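Based on the provided sequences and hints, a complete structural model is requested.
2 protein chains.
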Amino acid sequence: MKLLFGTGNINKVKEAKLILKNSKYEVEQLKIPYPELQGTLEEVAKYGAKYVYDEYMSKNEKISNENVSIIVEDSGLFIESLREFPGTYSKYVQMTLGNEGILKLLGTCKKRNAYFKTVIGYYDGKEIKTFSGTVEGTISYKMKSNGYGFAYDSIFVPKGCEKTFAEMLPAEKSDISHRKNAFMEFKRYIDSLSNE
Amino acid sequence: MKLLFGTGNINKVKEAKLILKNSKYEVEQLKIPYPELQGTLEEVAKYGAKYVYDEYMSKNEKISNENVSIIVEDSGLFIESLREFPGTYSKYVQMTLGNEGILKLLGTCKKRNAYFKTVIGYYDGKEIKTFSGTVEGTISYKMKSNGYGFAYDSIFVPKGCEKTFAEMLPAEKSDISHRKNAFMEFKRYIDSLSNE
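If you read the sequences in order, they're chains A and B. Once you know that position 21 of the first sequence is 21 in the UniProt record's numbering, the rest is easy, because the numbers rise by one and skip nothing. Once you know that position 64 of the second sequence is 64 in the UniProt record's numbering, the rest is easy, because the numbers rise by one and skip nothing.
Hint data in this document are derived by calculation from the structure and do not stem from the laboratory. Treat the hints with caution; some may be incorrect.
Pairs count within a copy or across copies, as identical chains cannot be separated in the list.
What the hints assert, rightly or not - Straight-line distance between alpha carbons at most 27 Å, and here's what the computed DSS-like set of lysine-lysine pairs gives:
(1) 2 - 24
(2) 91 - 104
(3) 163 - 91
(4) 126 - 59
(5) 126 - 62
(6) 24 - 12
Just so you know, these numbers come straight off a predicted model, no measurement behind them.
What follows is the structure in structure tokens.
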């Protein structure tokens, strides 16, 4: 069975392939851009999966829809004392305010807990489903980086760690990341289907 | 001709009726919610107008599409030194960070220019068009209100004024507002059609 991952980012596809390598799915990248809604990560991911599926099917009419499923993913950083800002709009906020803006908003506030969340939207032509993974942590008082990671990684310290995501080697981060957790939840679902 | 205004806010409909009262259009409220995209105000408004039109037509198959046009509108506050933040996401940012968050981000920064912008999305079954209106001004150093207005009104001082929008009587604000300017631009368009 084909699992088409609607994303422009090949690294995300590689990560998915690795996690799903012993499943019945063959993961492939599909570069069909889709409109991102305003709303929750779940709403964005559901709409995206359905949109990409419909676009793909309309261009590949000869393919049996029995054999194709689509996934897309969306992630965000949720900071509790900022009412979960920037959430779904993390990408936009990173481009405008950046990490400096986030640190300014928190100031010396001691309540700095936050979490990263990934939601995978899945559509097989019949059912739309979502799978999520999170990683909890805190926002540091200043940016700290060893040159790894991107975006909010230099201000996010995962629970139980002393380093920010941007101070960890990529493999170290991947191993505890929200995206990994979401793909693990997805894997449990598809494994349960195979056992039916 | 019917001009259906897709909005939950009856006050916006009243304002549109007033501005368009001598045109060939009869403005009515249409309460069909539509998905709001992430993107520019123009993208949000175009998508919304098309979506509401299609939904309305699918539920009213007997109505000739010659007689119906749809408008929706979307507005935002754009602050230059914050890279136009909060822009399209003004509603979300108001709910999370609020005016306090904006004032904290600007701090004592002297470059405080900003503008409000409204974009109207229009679809008549053939053409999608947008019409925009802005009002320029500055962000005040603290909130000032006489109990009027809402959202960012208490931190926005229109150019040439000494009061914030929230210190003005509603009629005074409406007379110079971005929404009015957008509807005036729309009126010029439909008037030009009548003269063809």
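Verification of the hints:
1. Within a single copy, residue 2 and residue 24 get their C-alpha atoms as close as 9 Å, which meets the 27 Å cut-off; across copies the closest is 54 Å, which misses it.
2. Taking the closest pair of Cα atoms, residue 91 and residue 104 come within 27 Å of each other both inside a single copy (18 Å) and across two copies (21 Å).
3. In this assembly of identical chains, residue 163 and residue 91 lie within 27 Å of each other by CA distance solely inside one copy; the values are 22 Å within and 35 Å between copies.
4. Taking the shortest alpha-carbon separations for residue 126 and residue 59, both the intra-copy value of 18 Å and the inter-copy value of 24 Å come in at or below 27 Å.
5. Taking the shortest alpha-carbon separations for residue 126 and residue 62, only the intra-copy value of 18 Å comes in at or below 27 Å, while the best inter-copy value is 31 Å.
6. For the homomeric pair residue 24 and residue 12, the shortest alpha-carbon distance inside one copy (19 Å) is at most 27 Å, but the shortest distance between copies (54 Å) is not.
When the structure is compared with the earlier hints, no violation turns up for any of them.
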